[in-house]
Amino acid sequence: MSKHMTRIGAVILTLMVLLAVFAPVLSPHNPYASSTATYQLPSLEHPLGTNDIGQDILSEVIYGARTSLAIGFFSAAISLTIGTVLGLLSGWYGGWLDRLIAKLTAFMLTVPYLPTVIIISAFTKHSIYSTSLVLGIMSWAGTTRIVRTQTMAIREKDYIQTIRAMGASDYYIFSHHVIRELTPWLMYQFAGRVKSGILSESSLSFLGLGSTTQKSWGTMIYYAQEKNALLTGSWLWWIVPPGLCIILVSCALIMISYGFEEKTDRRLSR
Numbered sequence: 221m222s223k224h225m226t227r228i229g230a231v232i233l234t235l236m237v238l239l240a241v242f243a244p245v246l247s248p249h250n251p252y253a254s255s256t257a258t259y260q261l262p263s264l265e266h267p268l269g270t271n272d273i274g275q276d277i278l279s280e281v282i283y284g285a286r287t288s289l290a291i292g293f294f295s296a297a298i299s300l301t302i303g304t305v306l307g308l309l310s311g312w313y314g315g316w317l318d319r320l321i322a323k324l325t326a327f328m329l330t331v332p333y334l335p336t337v338i339i340i341s342a343f344t345k346h347s348i349y350s351t352s353l354v355l356g357i358m359s360w361a362g363t364t365r366i367v368r369t370q371t372m373a374i375r376e377k378d379y380i381q382t383i384r385a386m387g388a389s390d391y392y393i394f395s396h397h398v399i400r401e402l403t404p405w406l407m408y409q410f411a412g413r414v415k416s417g418i419l420s421e422s423s424l425s426f427l428g429l430g431s432t433t434q435k436s437w438g439t440m441i442y443y444a445q446e447k448n449a450l451l452t453g454s455w456l457w458w459i460v461p462p463g464l465c466i467i468l469v470s471c472a473l474i475m476i477s478y479g480f481e482e483k484t485d486r487r488l489s490r
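Mapping the sequence shown onto our numbering, position 33 (from 1) lands on 253, and the numbers just tick up by one.
The hints are simulated quantities; they were obtained by calculation from the structure and are not laboratory data. We put the beta carbon where it would ideally sit given N, CA and C, even for glycine. Honestly, I wouldn't trust all of these hints.
[As the list claims (entries may be wrong)] Quick list of the computed label-pair ranges, beta carbon to beta carbon:
hint	residue 1	residue 2	range
1	Val331	Leu451	47 to 57 Å
2	Thr301	Lys345	55 to 65 Å
3	Leu334	Trp455	41 to 51 Å
4	Leu235	Tyr349	49 to 59 Å
5	Leu261	Lys323	52 to 62 Å
6	Val331	Tyr379	37 to 47 Å
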């Protein structure tokens with residue numbers, strides 16, 4: 221059952237990524253071009269209608285996939301890189317370095333995530349890279365703690381001790397053995413962090429802290445709410461499509477993460 225869920229999730233995510241990559245080809249209109257046809261109902265020319273300044277909503281949804289997915293992947297990569305490096309160093313070397321990283325990790329875990337992200341975002345430039353950096357820096361602590369625990373367990377295995385006794389360098393052991401054992405769990409963690417990054421970006425954009433120059437699913441919902449889409453009836457084609465895209469991608473990543481989680485559980489049980 222989990223294999224089928226993983227495949228379905230992979231198909232949905234692949235389609236969304238292709239939508240983002242080929243946005244210029246798939247978009248029927250320029251999403252940044254305004255016209256006099258404001259609040260137009262869905263039609264053959266504009267399948268999802270137009271917004272308050274005449275921009276084609278379907279094109280906005282397609283281009284919004286680029287920003288939302290990019291922030292999700294970039295923030296996950298930053299978070300996983302920081303967490304993995306610190307977890308490896310802490311679990312492998314121990315001593316004062318382990319105590320220092322453990323205290324830093326404990327501090328980050330006590331910091332409220334969303335309020336802190338909102339405060340930092342309010343004083344930074346709103347772009348894909350700045351948002352990804354803020355989200356990544358604020359979400360590495362959980363990864364560090366688990367990588368540290370797994371690294372300590374791997375370090376005590378007999379074959380690792382044998383390799384060390386033969387004179388293998390720490391870098392060789394990390395790159396050829398430790399990371400390989402951690403890969404299924406890291407992939408599971410990466411899928412979860414991408415989902416969290418997309419949801420966090422949508423939350424920030426809904427609060428008006430997203431990019432004003434780049435389309436994203438979150439900014440679409442923000443502007444729709446600002447222009448009273450819920451009162452005018454345009455919410456059906458202005459809010460629902462980007463909302464459904466967020467839900468679909470989140471569900472796809474959850475299904476993919478289930479597959480990695482099951483693989484990790486089997487490896488740990490062995």
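Hints and how they fare:
Checked against the hint of 47 to 57 Å, the C-beta distance between Val331 and Leu451 comes to roughly 38 Å, which is inconsistent with it. Between Thr301 and Lys345 the CB atoms are about 22 Å apart, so this pair departs from the stated range of 55 to 65 Å. Checking the proposed 41 to 51 Å range against Leu334 and Trp455 shows it is violated: the Cβ atoms sit about 25 Å from each other. For the hinted restraint 49 to 59 Å between Leu235 and Tyr349, the CB-CB distance of approximately 25 Å leaves it violated.
With their beta carbons about 58 Å apart, Leu261 and Lys323 fall inside the hinted range of 52 to 62 Å. In this structure the supplied range 37 to 47 Å holds for Val331 paired with Tyr379, their Cβ-Cβ distance being about 39 Å.
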